[in-house]
Structure formats: structure tokens, C-alpha cells
Amino acid sequence: METEIRRRVSELARTLDLPPRQGAAPAERARQELGRAVRALRGGGIASPDFVSARRLRSWAESWPRIDALLAAQLPPRAQPLFEEGGEGFAGHASRAGMVDEMFGALHHVLSPAQQDPAMQAAGSFSDLSFSQWRFMTNLQAALRVLRAQGRHAGTRFLDVGCGAGLKLLSAAPFFDRSEGLEFDPGHARAGRALLARAPYGNLALQETDATCFKDYKSYDVIYLFRPLRHPEKLAALEDRIVLQARPGVLLIAPYPQFALRAEGLGCARIGGDLYLAHADAAEAAALVARAEFIGLSVKAEAGLPLPALWAPILEASRRRGFLPGA
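Just so you know, we're using the numbering used here here: the sequence shown kicks off at 58 and counts up by one.
Calculated directly from the structure, the hints in this document are not laboratory data.
Just so it is clear, CB atoms sit at the ideal spot from N, CA and C, and this is done for glycine as well.
There's no promise every hint is true.
Lysine-lysine pairs mimicking DSSO-like chemistry, simulated, CA-CA at most 27 Å apart [stated by the list, open to error]: (1) K275 - K291; (2) K275 - K357; (3) K291 - K272.
Restraint-style ranges between C-beta atoms, simulated for each label pair [what the hints assert, rightly or not]: (4) A369 - L164: 37 to 43 Å; (5) H288 - A317: 39 to 45 Å; (6) V167 - G322: 19 to 25 Å; (7) P122 - D267: 52 to 58 Å.
Using the sequences and the hints, build the whole thing.
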């Protein structure tokens with residue numbers, strides 16, 4: 058019984074790694090076969106006189122409903138748009154977004170220094186601008202689903218260009234292996250470091266440096282910038298630098314109209330919302346969106362309550378597909 062169940066777990070995990078349409082039928086068959094094998098435990102292995110084996114098998118049978126629910130959430134595969142616009146309940150959605158933005162706007166006001174450094178102002182830098190937290194997280198979730206569609210699951214890095222007091226940098230930390238920021242204004246950088254020092258994450262870093270001279274944009278998977286420079290020519294030069302260094306397939310979150318107007322000329326294809334794909338055309342972006350829409354909405358790296366080690370292959374394959382078990 059143990060051998061059969063382990064074999065069926067491995068087989069199911071393999072089918073989950075197939076492309077959604079190709080793997081749907083094999084995965085559903087494997088799910089049904091695994092379910093029958095686990096249910097058979099109640100009349101067999103659980104009654105074993107071997108206490109250790111019986112306890113292990115009982116844990117498998119008792120945890121199966123959570124695994125089955127996890128599989129039901131992703132089988133058959135269903136496409137979900139990366140960005141939802143309008144539709145039923147949109148008024149309530151917009152109201153909640155406004156409430157979140159109001160609260161984060163107040164938090165930004167508390168954390169960020171009121172005055173910009175005069176030298177930074179003379180150099181053309183903006184002060185620490187507050188941007189909609191709801192809109193940022195909407196784009197971030199979409200970016201994480203696209204990363205999974207690209208097959209990038211480990212060693213992921215996020216960069217905030219002009220991170221100010223660090224709220225967006227902190228917001229990204231739970232979802233990436235590294236979350237880093239660049240900030241040139243000394244006062245804003247101090248505020249950011251103070252915030253990150255109190256954060257419950259160990260993957261944060263803030264560099265007090267000039268983004269226009271930074272040489273390592275190639276090392277990041279998702280880059281966020283919200284008008285870090287006031288002067289159009291300097292802003293365009295910074296955008297050029299970022300895109301030139303960025304690897305093909307890097308995702309840019311750039312929620313301001315100047316970038317939208319330049320994106321195509323820079324070789325960045327719009328994914329949707331404020332999200333762009335570097336060194337790609339519209340056809341490549343559309344193909345990637347078609348894959349990403351089958352990635353689930355669970356974008357954190359870790360699951361919730363612990364489950365028996367038996368299920369690890371299914372849990373890992375599901376995580377790569379954007380699905381995690383419920384409580």
C-alpha cells in the first residue's frame with residue numbers, strides 16, 4: 058500500500074508539471090487513482106499492528122482531504138485574468154482599494170521625511186512620492202504569476218528604483234528571495250533603513266546610491282520605478298539604462314504615463330496594467346500572458362499548516378502553478 062501510494066503521488070506531481078491543457082486529463086486520472094488508494098487505507102494499513110506504520114498511514118488518510126481540495130482548485134485548469142477590470146462587485150472592489158490606499162497614504166506620511174534634501178531637488182530627483190498600494194500589489198501579483206509561467210521559482214529578486222522610506226520594498230519582501238531598493242536622498246534613505254531594521258524579514262537591503270549610475274540592473278527579475286526623476290530627459294536616460302541592462306524577460310512595473318509612451322520604443326511589451334516585459338514584442342507578451350493566466354493566485358513561497366512529507370512532490374508542483382493548500 059505504501060509503495061503504491063508513493064508511486065501515485067510521484068505520478069500525479071509529474072502530470073501537474075505538464076502544460077495545463079496537455080496535463081489536465083492525465084492529472085485528473087492520477088488524482089482519482091490516488092484518492093482511491095488513500096481511501097483504501099482505512100480498511101487496510103491503518104489497522105496494522107505496527108504502531109509507527111499505522112500512525113504514518115493514518116496521517117496520510119487524515120490529510121488527504123486538504124490535498125484533494127488543493128487539487129480540485131487547479132483541476133481542471135481554468136484561466137484567470139492577470140488584471141480584473143469592472144464586472145460584478147467592482148464597486149465594492151474599488152471601495153476596498155480606496156480604503157487600503159487611504160491607510161497606506163497615511164502610513165507613508167508618518168514614515169517619510171517631510172522635506173527633500175535640497176541637493177537632491179537641485180539634481181532633479183522627486184521627493185518620496187506615495188503611490189497606490191492597491192495598484193502596486195495588483196501589478197506585483199501579476200508579475201509573480203508571470204514569473205512562475207516563465208519557470209522562475211527560486212532566487213527571485215525585486216528592485217525598487219527610488220524606494221524612499223521603503224514601503225513598497227517592504228511590501229514585496231514576503232514574495233521574493235531578495236527585495237532591494239535604491240535611494241539617493243540621505244533623509245529618505247535613513248527613514249528606509251530604520252523601517253527595514255524593524256521588519257520581520259531577513260531578505261531586505263537598501264543602497265544609498267544614484268540610480269543613474271547603478272550598474273547591476275541585470276541581476277533583478279522584477280524592477281519597480283515610479284517617476285524617480287523630475288526632469289524628462291534625465292528620467293528617459295534612467296529608463297534607457299535600466300532596460301539596456303535588464304535581461305530579456307525581466308518584468309518592469311512602471312505606473313506612470315511617460316513610460317507607457319516610451320515602452321514600445323524601448324523594446325518593452327505591455328503585459329497589462331502597469332506591467333511590461335523587457336526585450337519582447339507584443340506577440341511574445343501575449344503568449345506569456347496566455348500561460349500566466351493558468352497560474353493560480355497563491356504567490357507566497359511557503360504553505361500554511363504542515364502536512365506529511367508524503368505530499369511534498371504535489372505541494373511543490375502546486376506551488377509552482379500558483380496554488381497552496383488551505384487550512
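Comparing the hints with the structure gives:
1. A threshold of 27 Å between alpha carbons decides the hint, and for K275 with K291 the separation of about 20 Å falls inside it, so the pair holds.
2. Distance check on the hinted pair: K275 and K357 sit about 24 Å apart at the alpha-carbon level, within 27 Å; holds.
3. A hinted pair counts as satisfied when its Cα atoms are at most 27 Å apart, and K291 with K272 qualifies at roughly 16 Å.
4. Our hint of 37 to 43 Å for A369 and L164 holds, since their Cβ atoms are close to 38 Å apart.
5. For H288 paired with A317, a C-beta distance near 18 Å fails the hint of 39 to 45 Å.
6. At roughly 39 Å, the beta-carbon separation of V167 and G322 lies outside the given 19 to 25 Å, and the hint is violated.
7. Separation of P122 from D267 is about 55 Å and conforms to the stated range, judged on CB atoms against 52 to 58 Å.
When the structure is compared with the earlier hints, violations turn up for hints 5, 6 and for no others.
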